[in-house]
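Peer 1: If you read the protein sequences in the order shown, they are chains A and B.
Position 57 (the first sequence) corresponds to 54 in my numbering; numbering is contiguous.
Each position in the second sequence, counted from 1, maps to that position plus 39 in my numbering.
It is worth saying that the hints were derived from the structure and are not from the lab.
Beta carbons: idealized from backbone N, C-alpha and C, even for Gly.
There could be a bad hint or two in this list.
Listing some non-contacts, in silico: residues in chain B with all C-beta distances to chain A over 10 Å [stated by the list, open to error]:
hint, residue
1, K166
2, N219
3, K264
4, G272
DSSO-like cross-link-like pairs, simulated, lysine-lysine; straight-line CA separation at most 30 Å [stated by the list, open to error]:
hint, chain 1, residue 1, chain 2, residue 2
5, A, K120, B, K247
6, A, K17, B, K188
7, A, K139, B, K42
8, A, K138, A, K120
9, B, K43, B, K61
10, B, K239, B, K270
11, B, K201, A, K120
12, B, K153, A, K120
13, A, K103, A, K139
14, B, K201, B, K153
15, B, K278, B, K247
16, A, K17, B, K107
17, B, K247, B, K115
18, A, K17, B, K42
19, B, K154, B, K107
20, B, K239, A, K139
21, A, K17, B, K278
22, B, K166, B, K188
23, A, K45, B, K239
24, A, K96, A, K77
25, B, K201, A, K17
26, A, K170, A, K139
27, B, K264, B, K61
28, B, K107, A, K170
29, A, K17, B, K195
30, B, K156, A, K17
31, B, K166, A, K17
32, B, K153, B, K107
33, A, K189, A, K45
34, B, K107, A, K45
35, B, K239, A, K138
36, B, K156, B, K264
37, B, K166, B, K282
38, A, K17, B, K264
39, A, K147, B, K239
40, A, K213, B, K61
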Amino acid sequence: MIEVLNSGTHTTIQDGGRLKFREQGVPVGGAMDFHAFVLANHLLQHDKIAPVIEFTINGPTLYFYAQTFIVLTGAEFHCKLNGKVISHSSPIYVPAESKLEIGRVKKGNYGYLGILGGFSTEKVLGSGSFHPTLLPNARLKKGMQLVYIKTHFNDVNFYARVIPIHDKFSRTKLDVYPGPEFNTLSESDQQKLLSQKYFVNSSSNRMAIQLGNVPKISTPEIITAPVQPGTVQLTPSGQLLVLMRDAQTTGGYGRILQLTDYAINSLAQCEIGEGYEATFRLI
Amino acid sequence: MKKKPIISRFGDHGILISYPRKIDQRINIALTQYSHYLADVFSEIIEGFTIAYHESAFYLNPDVSVDKAMEMFVEKFNQANLLEKIQENATVYTIPVCYEAPFALDIEEIATTKKKKVSKIIQIHTKPIYPVYFIGFSPGFPYLGGLSKRISFPIKASPRSKVASGSVGIAGTQTGIYPNESPGGWNIIGRSPLRFFDVKEENPSLLKAGDYIRFESIDYAQYKKIEDQVKSGTYSIQKNLLK
Chain A
-2 MIEVLNSGTH TTIQDGGRLK FREQGVPVGG AMDFHAFVLA NHLLQHDKIA
48 PVIEFTINGP TLYFYAQTFI VLTGAEFHCK LNGKVISHSS PIYVPAESKL
98 EIGRVKKGNY GYLGILGGFS TEKVLGSGSF HPTLLPNARL KKGMQLVYIK
148 THFNDVNFYA RVIPIHDKFS RTKLDVYPGP EFNTLSESDQ QKLLSQKYFV
198 NSSSNRMAIQ LGNVPKISTP EIITAPVQPG TVQLTPSGQL LVLMRDAQTT
248 GGYGRILQLT DYAINSLAQC EIGEGYEATF RLI
Chain B
40 MKKKPIISRF GDHGILISYP RKIDQRINIA LTQYSHYLAD VFSEIIEGFT
90 IAYHESAFYL NPDVSVDKAM EMFVEKFNQA NLLEKIQENA TVYTIPVCYE
140 APFALDIEEI ATTKKKKVSK IIQIHTKPIY PVYFIGFSPG FPYLGGLSKR
190 ISFPIKASPR SKVASGSVGI AGTQTGIYPN ESPGGWNIIG RSPLRFFDVK
240 EENPSLLKAG DYIRFESIDY AQYKKIEDQV KSGTYSIQKN LLK
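Bound-form chain B, shown alone (with noise of 0.2 Å):
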């Protein structure tokens, strides 16, 4: 992605970074590093940023100039080899789902509006590596790309009232994990016994922009034995770097 963004004021304290307006991985990756990149030689001026699909957005100290951090940025951005200086080896986490009984509420109303076998719609699941598009929504939800057409399914007309925390579902073209119990509206098709979100962590969100997933299928005997690990803190999720 050689294409500049365009940098704009945001408010009083705002800057919006904006790449072209698409849901688009190779401008994800673009911008995720560019905002990383910044946020890391900034972070004096900086007091907290926000990447989505295309932008992103500074929320600078009230002491600093937003005229002058702007031509900071753009002077940054024009530096040679930039992107080349700030490609790092993406992580792949393995999270594992349990697709049964009592967490997968709605894998079977897919099945058969799908006409396809339960196992058919977890294979399908479990096969891509997943980017993490950005974290936004509610603390630690990750936007993720890459969900197979044949097993999009539509939103819920109603929402649930409360979806448990760790249960995976399926929205329209995106799939996703509800890291805090919630009221939810995605058809729930399993659940992950991790912590996503913990105000604990110094990093709270397990997942970041630029990061991937993939899905592995537990049973429930191991969903319980992980379950336990994660409380006493003896589990340790299974890391790849993305070749």
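This is chain A alone, in the form it adopts within the complex (with noise of 0.2 Å):
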């Protein structure tokens, strides 16, 4: 069992997410990089891909009972266990009665940590992922204590390692399809959209990505349409929102983009702030 000592910013359980459910108002929900979620459950071995904790900003510090072994993928921390420095994207054993200290992110926007054998969180609609309206807790608590699966793991070896390239947190180029109003945007407008050097702006959430930078242009609103992660918006005031994992299923904003599934997990970790660049490519 782990105990949560310090809830950290924003610290989530999330899967792969609610699929099934999106025709009936439920927004997919699931880890923000999906890449570093399911390389987290690879390099542990798991045959079935299993729920891990998602943070942002600031980790969380948490207290685990029994040994096990984790792993940390996604954006890096400042990352300590029982005061020692850890290293990223290789499974690390946990002694039992052992601290983990997850303190603020050096590069990238979502960390991930997985456990061998999962963790065994509460499943609504068929995923653990964490939503205000589906589920008690939107997100973890000082004091919440999270069970793992036991495992045998006398016999384990992890030969798997992975050294993360993390440029494209800083220079992202996202492939985009034009969106389903793409053509409703005038051609030296497209050109504009295009062309600019765009930066994440940091009132970006789980729900939506705002990109800074953004050239005057313009669309009109529609009638409310079927919208999914990496729906680029353009908003009548001019901003341009780039909807996330947690995105509503419909929404009424014109869609002039839709990004690859390769571009979102990669703009969910481009760096914020005007020092950074993000840029579109049609394919």
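Can you join these two chains into the complex? Each is in its own frame, and there are hints to help.
Peer 2: If you want it as structure tokens, here you go:
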């Protein structure tokens, strides 16, 4: 069992999300950086993809009662296990009665903590991903206890090692499809949209990432229509919103671009603020 | 609606079905019937779907070729008499609503502004059979058509931070029900004791695209009685077939 000593900025349990209930208005949810979530599971050699802990800005401090293996993937954080710095992207042995301190983020935005066998947390509509309406808790809180599955790991050998490449976090190229309303933009607005260097605004969250340095372009509002993670909406006031995992299933702003799956994961990790850049590349 | 929809790609694994851009009940019925049919026939390759007013989106299993699936969708549409085959009897749900204090937070304001009695507002609101165009915005939230212009009322300038689940509201020319407690800017005219979204149910949303509802005015005592029945699982909602 893990006890949450400090919850961090916004720490949640995440998995692959809820795919089957979108026509009932249920957001998909799931890990912001799906690639890092799957990687954590692969590095722990899980046969079945299991839930992980997702954290951002400031990570949680956790107390482990029983021994296990963990792995950290996604964004890099200052991390200490029983006072010693630990490595990223490789399984780490955690003795019983250990304290893991995940501090401030170094590179990227969303970090993941996978645990051998996975967390056995409450599932709602087939997923353990936290959601404010569907589950009693919207985020991990101090004092909460998380149960993980006991595994026999005396003979477990972890061979896989991954060297993370984090250059993409500061200069992110996002592959995009034209969205359903792309053609409602004038040709010169389409050019502006695609040649601009954007940055990720700090008012971003799990529902949407807001882009900064947006050129003056416009498109009318639409009749409410389907949207999905990766849909780029242009609001009447000229904001560009990229919908992320917890987004609604339908929306009323023009859908001018649609990110690929890979680009959604990249954008989730794109460094926040004006010193960094994100650009679109039409495929 | 004999017109064929446009079928296009929507991201890595999505397909968009588009009818003409209009809030029009005939368009929505054609879209909903075709979409439910596709979701049923191709359930093995579809991970999820969303229906809205004039468009629906299908999200495919990542192993499936989107181009191939688009061809299959078109082919199905071209099969003769598709819409006749899938025509089904729609269900009309009767939704009990208490239009009294302490639930009907804004009904007095609407009545005063519209220079009508509260009883008249209730009478106008309970008269139509409202089509459920689709579920969106939040889990279980129905987009309804058919509100009388006589009681349309602008959305609040600043939303309430908390609206109780079951609250029935009016915003502009729309009326709807909040299935979950949430912030909200609609004018609240009453509350229903029913559960509109329940994660313990196989289909958590009570309503779906293609259903119909009518509101029935109940008093506070009836509200409390139904609320208890809902809690103990003994309430059965009144359903009729649309004729």
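Peer 1: Hint by hint, say whether it matches the structure.
Peer 2: Here is how each hint holds up against the structure:
No beta-carbon of chain A comes within 10 Å of the beta-carbon of K166/B; the shortest separation is about 25 Å. With a least CB separation of 5 Å from chain A, N219/B falls inside the 10 Å interface cut-off, contrary to its annotation. Non-interface status of K264/B relative to chain A is upheld: no Cβ of that chain comes within 10 Å, the nearest being about 27 Å off. The claim that G272/B lies off the interface holds: its Cβ sits roughly 19 Å from the closest Cβ of chain A, which is beyond the 10 Å cut-off.
Taken as a hint, the K120/A and K247/B pair is honoured in the structure, with Cα atoms around 23 Å apart against an allowance of 30 Å. In summary, the hint linking K17/A to K188/B is not supported, as the alpha carbons are separated by about 36 Å, beyond the 30 Å threshold. For the hint linking K139/A to K42/B, the alpha-carbon distance of about 57 Å lies beyond 30 Å, and the restraint is violated. Of the supplied pair hints, the one linking K138/A and K120/A holds, its CA atoms being roughly 18 Å apart against a limit of 30 Å.
Restraint check for K43/B and K61/B: the C-alpha separation of about 15 Å stays at or below 30 Å, so the hint holds. For the hint linking K239/B to K270/B, the alpha-carbon distance of about 13 Å falls within 30 Å, and the restraint holds. Between K201/B and K120/A, the direct Cα distance comes to roughly 26 Å. Compliance with the 30 Å bound is thereby established for this hinted pair. A distance of roughly 47 Å separates the Cα atoms of K153/B and K120/A; the hinted pair therefore is violated under the 30 Å criterion.
Of the supplied pair hints, the one linking K103/A and K139/A holds, its CA atoms being roughly 23 Å apart against a limit of 30 Å. The hinted pair formed by K201/B and K153/B meets the criterion: a straight-line CA distance of about 26 Å does not exceed 30 Å. For the hint pairing K278/B with K247/B, the CA-to-CA distance comes to about 14 Å; that is within 30 Å, so the pair holds. A threshold of 30 Å between alpha carbons decides the hint, and for K17/A with K107/B the separation of about 22 Å falls inside it, so the pair holds.
About 23 Å separates the Cα atoms of K247/B and K115/B, which keeps this hinted pair within 30 Å; it holds. Straight-line distance between C-alpha atoms of K17/A and K42/B comes to about 29 Å, which keeps the hinted pair within the 30 Å bound. Of the supplied pair hints, the one linking K154/B and K107/B is violated, its CA atoms being roughly 58 Å apart against a limit of 30 Å. This hinted pair checks out: K239/B and K139/A have alpha carbons roughly 28 Å apart, not beyond 30 Å.
For the proposed pair K17/A and K278/B, the alpha carbon gap of about 26 Å is at most 30 Å, so the pair holds. With a C-alpha separation of about 13 Å, the suggested pairing of K166/B with K188/B holds against the 30 Å cut-off. Proximity of K45/A to K239/B is assessed by CA-CA distance (about 24 Å); at most 30 Å being required, the pair is judged to hold. Distance hint between K96/A and K77/A is fulfilled; the C-alpha atoms sit about 8 Å from each other, no more than 30 Å.
For the proposed pair K201/B and K17/A, the alpha carbon gap of about 28 Å is at most 30 Å, so the pair holds. Of the pairs offered as hints, the one joining K170/A and K139/A is violated, with about 37 Å between alpha carbons and a cut-off of 30 Å exceeded. Distance check on the hinted pair: K264/B and K61/B sit about 41 Å apart at the alpha-carbon level, beyond 30 Å; violated. Distance hint between K107/B and K170/A is fulfilled; the C-alpha atoms sit about 28 Å from each other, no more than 30 Å.
For the suggested pair K17/A and K195/B, the alpha carbons sit about 33 Å apart, so the restraint of at most 30 Å is broken. As the CA atoms of K156/B and K17/A are separated by approximately 45 Å, the hinted pair breaks the 30 Å bound. For a cut-off of 30 Å, the pair hint linking K166/B to K17/A is broken: about 35 Å separates their Cα positions. With a C-alpha separation of about 55 Å, the suggested pair K153/B and K107/B falls outside the 30 Å cut-off, and the hint is violated.
In summary, the hint linking K189/A to K45/A is not supported, as the alpha carbons are separated by about 44 Å, beyond the 30 Å threshold. At most 30 Å may separate the alpha-carbon atoms for a hinted pair to count; K107/B and K45/A meet this at roughly 29 Å. Restraint check for K239/B and K138/A: the C-alpha separation of about 25 Å stays at or below 30 Å, so the hint holds. Restraint check: the Cα-Cα separation between K156/B and K264/B comes to about 27 Å, which is no more than 30 Å; the hinted pair holds.
For the hint linking K166/B to K282/B, the alpha-carbon distance of about 16 Å falls within 30 Å, and the restraint holds. Taken as a hint, the K17/A and K264/B pair is broken in the structure, with Cα atoms around 34 Å apart against an allowance of 30 Å. At most 30 Å may separate the alpha-carbon atoms for a hinted pair to count; K147/A and K239/B meet this at roughly 28 Å. As the CA atoms of K213/A and K61/B are separated by approximately 28 Å, the hinted pair is consistent with the 30 Å bound.
The earlier numbered hints that this structure contradicts are 2, 6, 7, 12, 19, 26, 27, 29, 30, 31, 32, 33, 38.
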